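There are 4 protein chains.
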Amino acid sequence: MKTIGILTGGGDCPGLNAVIRAVVKTAHLYDYTVIGIRNGWKGIVEGEVEPLTEFSVTGILPKGGTILGTSRTNPLKSEEQTQQMLTNIRKFGLDAIVAVGGDDTLSVATRLHQMHIPVVGIPKTIDNDLSGTDYTFGFDTAVAIVTDAIDRLHTTAESHHRIMVLEVMGRHAGWIATMAGIAGGADQILIPEVPFDIEDVCEGLKKRRERGKKFSIVVIAEGAKPADMTGFATTSSKVDDFGHEQLGGIGHLLGRAIEERIGSETRVTVLGHVQRGGSPTAHDRVLATRYGVKAVEQLHEGNYGVMVALQGDKIVPIPLSDAITQKKVDPELYEMARIFY
Amino acid sequence: MKTIGILTGGGDCPGLNAVIRAVVKTAHLYDYTVIGIRNGWKGIVEGEVEPLTEFSVTGILPKGGTILGTSRTNPLKSEEQTQQMLTNIRKFGLDAIVAVGGDDTLSVATRLHQMHIPVVGIPKTIDNDLSGTDYTFGFDTAVAIVTDAIDRLHTTAESHHRIMVLEVMGRHAGWIATMAGIAGGADQILIPEVPFDIEDVCEGLKKRRERGKKFSIVVIAEGAKPADMTGFATTSSKVDDFGHEQLGGIGHLLGRAIEERIGSETRVTVLGHVQRGGSPTAHDRVLATRYGVKAVEQLHEGNYGVMVALQGDKIVPIPLSDAITQKKVDPELYEMARIFY
Amino acid sequence: MKTIGILTGGGDCPGLNAVIRAVVKTAHLYDYTVIGIRNGWKGIVEGEVEPLTEFSVTGILPKGGTILGTSRTNPLKSEEQTQQMLTNIRKFGLDAIVAVGGDDTLSVATRLHQMHIPVVGIPKTIDNDLSGTDYTFGFDTAVAIVTDAIDRLHTTAESHHRIMVLEVMGRHAGWIATMAGIAGGADQILIPEVPFDIEDVCEGLKKRRERGKKFSIVVIAEGAKPADMTGFATTSSKVDDFGHEQLGGIGHLLGRAIEERIGSETRVTVLGHVQRGGSPTAHDRVLATRYGVKAVEQLHEGNYGVMVALQGDKIVPIPLSDAITQKKVDPELYEMARIFY
Amino acid sequence: MKTIGILTGGGDCPGLNAVIRAVVKTAHLYDYTVIGIRNGWKGIVEGEVEPLTEFSVTGILPKGGTILGTSRTNPLKSEEQTQQMLTNIRKFGLDAIVAVGGDDTLSVATRLHQMHIPVVGIPKTIDNDLSGTDYTFGFDTAVAIVTDAIDRLHTTAESHHRIMVLEVMGRHAGWIATMAGIAGGADQILIPEVPFDIEDVCEGLKKRRERGKKFSIVVIAEGAKPADMTGFATTSSKVDDFGHEQLGGIGHLLGRAIEERIGSETRVTVLGHVQRGGSPTAHDRVLATRYGVKAVEQLHEGNYGVMVALQGDKIVPIPLSDAITQKKVDPELYEMARIFY
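Protein chains in written order, with this note's numbering: chain B, 1 to 341; chain D, 1 to 341; chain A, 1 to 341; chain G, 1 to 341.
Just so you know, the hints here were simulated from the structure itself, not pulled from any lab data. Fair warning: this is a prediction, and the values are worked out from it, not measured in the lab. Treat the hints loosely; a few may be bogus.
Pairs involving identical chains hold if they fit within one copy or between any two copies, as the list cannot separate such chains.
Each computed BS3-like pair below joins lysine-lysine, with the alpha-carbon atoms no more than 30 Å apart [unchecked claim]:
| id | residue 1 | residue 2 |
| --- | --- | --- |
| 1 | 314 | 206 |
| 2 | 2 | 206 |
| 3 | 206 | 225 |
| 4 | 91 | 214 |
| 5 | 314 | 91 |
| 6 | 225 | 25 |
| 7 | 25 | 328 |
| 8 | 327 | 314 |
| 9 | 327 | 214 |
| 10 | 77 | 314 |
| 11 | 2 | 314 |
| 12 | 214 | 25 |
| 13 | 328 | 314 |
| 14 | 77 | 328 |
| 15 | 2 | 328 |
| 16 | 327 | 206 |
| 17 | 2 | 207 |
| 18 | 25 | 206 |
| 19 | 213 | 2 |
| 20 | 207 | 91 |
| 21 | 225 | 314 |
Working from the sequences, and respecting the hints, build out all of it.
Structure representation (C-alpha cells):
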C-alpha cells in the first residue's frame, strides 16, 4: 500500500481537523502518501482531490470544521456515481480510504469494503448515538457549549423568576440534553428515548416552585416528543429556516404548553448551529487524534473493513457493520438526573 | 443622609451585580446603610426589601444576573402604586435611591427627583443605545458572546459552503450587530438604522462567491428592516415563543429571501437570551464598578437627579433627563465594516 | 442510618462542589440528614461542622473550590486527634461518612472503616494518578486549562520563532502533561514515568527546525527528571515560593539546557495554581455528580468501606484499599504522542 | 502611491493579525499593493518580504500572534543596517510603510519620516502605557486573561484560606494589574507608579482577616517596588528563565514577606507569556481593525508621519513624536480600587 485517501462526510463536527492531522502524520510515519478528498464522497465522484502534506495540517488541530469540506452526497444512490467513484479511486491511485462520518457515510465505506477496496471507518456523530463506540468526538464540545448556555440562562431565569426552555441537538437520542442537563443543573430533561407527559413536567416544575425555587431550566432534545399529543398545541405551527410553515419546534411548543399550565413567564431558546462549531475541547482533540492514528495503523496492519471505536480507555477496531444501530441514552444515567429536579 | 435604597429594573444584564457590590462597598465607606429593593420598582411598591451587608455582596462580582431580581413594573402608571411607593420609601427610611435601569426605570427616578426625593440613576441597556454615555455595561459581554457564536458558525459555514444568518439583539439600534460583526468578520451586517435592500445584500454575497469565497456570514439585528417589503416574504409568518403566529423573525425571513435569490444553502440561528446572561467580561466588570462608585459619590456630594455616564475615559454625572433619546450606531463605524464585506 | 457527614480533604479540585451537591441531594431523597465537616479531617477533630440543606448547595454546581474548605490534616498521626475524631463522630451523631480526597484522606477513611465506622470514599486527584478508577474529576478541567495555555503560547512561539517550555502539574505521573500535550500539539512531552535524555530532546527539536518549523512547544510535568544529571545544570538552583533556594524548577532547568544546546531563544512558563481553580468542565461536573450519587447509594445499601470508581462508562464500588497505588500514564498513549513531534 | 509595506515589531500582542488584515483590505479598496515585511525592521534590512493578498489574510482575524513574525531589531543602531533598509525600501518599491509597534519600533518610523519616507505608525503595547492613545489593542485581552486567572485563584484561596499573590505584566506601568485587579476583585493591587509599603499591605490583609475574610488575593505588576527595601528580603535571589541567579521576582519576594509577617500560607503565581497569546477579545479585534483602516486612510490622504490613536470613541491621527512618553495609571482609578480592599 502506498497512497491513502481521506474524506469527511455528513454534518461538520469539532475534531474533524484533528482526525485529518493524525491520519496525515501517522501515514507519513509509515511513508504513505495522503490524498485529501474534498466534500465527502462527492469529491471522489467529481474528482476533487488534493495531496495532504505536513504543511497542509500545520495549525489545524485546534480549529473547528474540516479543511476538506463535507457533503451529504451518497454515491450509492446512483449507479453512474458509483462507477465514477470506482474509476476515480483507480485514477488517483488510492490504495485505501479512511472515511470519517456517521451512518450514511460509513454505509458507503461498507459497500466499498464488500467490493474489496481497503477501507477503515472513523465514527463521527455529534449526537453520540453510534453504537459500538463509548463516545464520539465532537460530543464533548457540544455538551460544553450547551452547558455554557445553561449557565448563562440561569442568571436570567433567576433574575426574572422565569422558566427557561432550551432546545438542543439530538434527533434520535438525547445524549447532549442528558449530559449537558446534568452538567448545567437542569430542572427537567426531555429526550427522544422517553416520551414525556406534559402534566408530569409541569407538576415537577410546580413542586419546585413550592419548595421556594423561583425559576427553572428545562432542557429538551429536538427529537423529544410528548407521549400524548392531545391538548398539546396540535394546531400550532412553526416556520422552518426559510419561512415555510411546519409542525414543530418542540421547544416552542413546550414553552407554550408550560406557560398555559403554570402561568410563569416562559422563554424559549433554540441553540442551533453554534452547537457544532468552533474549537474542540481538549478531550475531543485527544479522542479524535487517537481515532486518526488507530485508523492508519489498521490499514498498515492490513485490517480492513473495520471502524475504530472507543471501548473503556482503549481504541479498538470493530466490524464496520456494527456501526449501524442507534445508541440510546443509558437509562440509569437519565434516571439519575431526576434526583436533581 | 443615612440610608440608601438600591434597585435594578428592566431586562437583566451582565454587570448588575458588580454595580450592586460597588454601591454597597462605597456606601459603607461613608457609613451609609444600604437597603436592597427586590425586583425593581415592584419591590418598593410591595415592600420587599432587605439590608445589604458586605456579606451579601461577597463573591457576586463575576456573577451574571442580579441578586436583587428585576421586573418591568412602572408604578407611575397607577396613582395607587405611586402612593404606595412613596409611603414605603418613608416607611423603610430611605434617604436616597440608586436606580439601575434603562429608559423606563430611569423615568420613574426622574419623577421621584421632581418630587424632591434624592435619586441617582445608573444607565443599563445591553443594546448600548442610551444617549449621554459612550458605553453601557453588559454591552461588551453581549458583543463577546455574539463574536464567539460567529467564530463557531464560521467553521460550519466554511465546511459546508453555506450562508449562515445570525439574528442578534438590537430592537432599535444595531450596536451589537455592528461591533460583533466587525469582531467576527461578518460579510454583511444589517441594522435598524439603515433599512436594507435585499437585492443589494444578495449582490454583495454573490460577488464574494465570485471572488472564490465559498461561504458567508450575515449578522442581522432583530430590529433591522428591508427598505421595501415588496416581494420580501410578506406572506410568511413565524410563531412566537408560545406558538402564536406572527409576522417576523427577520432572521428567518432574510434566510429565506437569500436562499431564493442565491440558491446557496442558508442556515439561520437566533441567539436569544444567552446574549444577556453569564459572567460579565473584565471590561464590563470595571465599567459597572466605576458606575456604582460614582453613583454613591454623587449622593454623598448632594448631587441628586443625575445619571452617571462614561465620557471618554471618565465617569461623569449628567442630568437624568438627558438619558431619554436613543443612541444610533456611529455611521462612520458602520461604513467601515463594509470594507470587509 | 440517619445522618451522613461529608468532608473534602487535600488540595482543592474543580468538581468538589458538584460532589457535595450530589451527596446532599441524593441523601435527601433517602431522607438522610447531611452534616458538612469543615476543612477536611481537621473539622471533625476540632468540631467544626454545619448542616447542609438544599439551600446550602444551590448554585454551587458550576463553582470551583469547595464550600466546605479543605486541609491536609491527618488525625491518625496523633493518638489524641484520633480520639477527638471518634468522640466528635459520636457527638454529632454521624452514622456514616463520605470522604472525598486522595491517598492521604482516604487512608484515614480506611482506618475508620477498620474501626467499624461506615465510610465511603470518593477519589480526588487532579493528577489522575489514583489506581482503580479510569479518571478522576478535576483532571479534565486541568487538561483544558493547560491546553488553553498551550494554544496561547503557540502564537507567541510562532511570532518570535521561539522554543516555549511549559511546566505543568504532575509530581508522580504525567497524565496532565500527556493529555494536554496531545490536545495542544506539543512537540515534546516529558513526564516522570520516562526519564528524559536532554540530548535526545534537543535532537528532536533540531530536526523539527530542519523540517522548516521555526518554533517548538515543550510540555514538562513538574516531576519529570533527566535520566542523567551529568552536565545538566547541577549547580543551578531555584528559589521556592518564598525566596528560599532549592534545587529545582525542572522547567527552568530544561529551558536553560535547551538554550545552551540549540541556541534558540527559549522561554519558560510555570502555570501553577491556576490549573486547579475555576469552574469545572461539563465533563467533570457530570463525573463528580455521578460519584456523589453513587457514594450515597453505597451507604444506603450498607456497602461500606468502598470507594466509588469509574470503569468504562459505569461507576462501580471497589475496596477502599485498592485506592493506594499510583497509576502511571498508559505507555501506548505516551508513545502515540511522539508521532506528532 | 502604489505599494505599501507593513511590518510588526516588538513583543507579540493579540490583535496584530486583525491590524494586518485591515491594512490589506483597506489598501485593496484603494487599489494599493501590500507587501508584508517579515520579522519587524529585520525583514526590510534582510530583504525578507512577501506580497499580502486577500487570500493571505483570510481567517486570521481571530488568531493571536502575527503572521508576519516579529523581532526587536532596530536598524538605526548600525549605519550599515540603516543603509540596507533604505536600499531595500527602494528595491521593493515601497512607497509607504505602516509600522506597528511600541516606542522602539515607532522611533525607527519617526526617523524614516524625517528622511521623507512616507510612514504611518500604529501603536502596540500590551501594557497600555503609550501616551497619546486612550487604549492600545491587546490590553483588553491581557486584562481578560489575568481576570480569568484571578477568578480561578479565588476558588483555591477560599478553599484553603490562603493568600494568593499573582504577578502580572507591567514593567513601567500598572494598567493590567489595576484593571484586572478591579475586575477580579483583588484585595491589594501593587503597581510601579506607587511604591508600596510592605507593612501597609500586610496591615490591610490583616484587617480583612479580622473582618472574617479568610483569604486574600494580591495582584502585583512585575515592575512594582517597595518604597523601602530595608528588611524586605534583600538577600533573596531568584533564578532567571535559564537558571542564572538574579535579584527579583517581585511576586516571590512579596509572597515571602507577607508570609513572614502574617503567617498565613501564601502562594505565588507568575502568569508569564500566556498573558500575551491567543485569540484577541472582540473589543481588541474591533480596536485593531479600526487602527488598521485609519492608518491606510492617512496614507491615502497623504497625511504622513502620524500615529493613529484612540481618543474617546474616535480614531484620530497624532504626530508620531507624541508617542514617546509613558502613560501612567490614572490615580483616580487606582484610588478607587482601594474601596474594595
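query = Is it within, between, both or neither when you check residue 225 against residue 25 at 30 Å Cα-Cα?
reply = Only across copies: residue 225 and residue 25 sit 28 Å apart there, 45 Å inside one copy, limit 30 Å.
inquiry  = My question is about residue 2 and residue 207: at a cut-off of 30 Å on alpha-carbon distance, are they close within one copy, between copies, both, or neither?
reply    = between (65 Å within a copy, 25 Å between copies)
query = 30 Å Cα cut-off: does residue 327 pair with residue 214 within a copy, between copies, both or neither?
reply = neither (36 Å within a copy, 35 Å between copies)
query = Given identical chains, is residue 2 near residue 206, meaning Cα to Cα at most 30 Å, within a copy, between copies, both, or neither?
reply = between (65 Å within a copy, 28 Å between copies)
inquiry  = One pair to classify: residue 327 and residue 206, alpha carbons no more than 30 Å apart. Within, between, both, or neither?
reply    = Answer is neither; intra-copy 33 Å and inter-copy 42 Å both fail.
query = Which holds for residue 25 with residue 328 at a C-alpha limit of 30 Å: within a copy, between copies, both or neither?
reply = between (34 Å within a copy, 26 Å between copies)
task = Classify it for me, residue 225 with residue 314: is the Cα-Cα distance of at most 30 Å met within a copy, between copies, both or neither?
result = between (36 Å within a copy, 28 Å between copies)
query = Is the C-alpha distance from residue 206 to residue 225 at most 30 Å within one copy, between copies, in both cases, or in neither?
reply = within (21 Å within a copy, 40 Å between copies)
task = If the cutoff is 30 Å on CA atoms, where do residue 25 and residue 206 land: within, between, both or neither? Let me know, please.
result = Only across copies: residue 25 and residue 206 sit 18 Å apart there, 56 Å inside one copy, limit 30 Å.
key: Intra/inter-copy verdict for residue 214 and residue 25 if alpha-carbon distance must be at most 30 Å   = between (54 Å within a copy, 18 Å between copies)
Same-copy or cross-copy closeness of residue 207 to residue 91 [CA-CA at most 30 Å] = neither (67 Å within a copy, 35 Å between copies)
ask   = For residue 77 vs residue 314, is the C-alpha pair at or below 30 Å within one copy, between two copies, both, or neither?
value = neither (35 Å within a copy, 40 Å between copies)
When held up to the earlier numbered hints, the structure conflicts with 1, 5, 9, 10, 15, 16 and 20 and fits the remainder.
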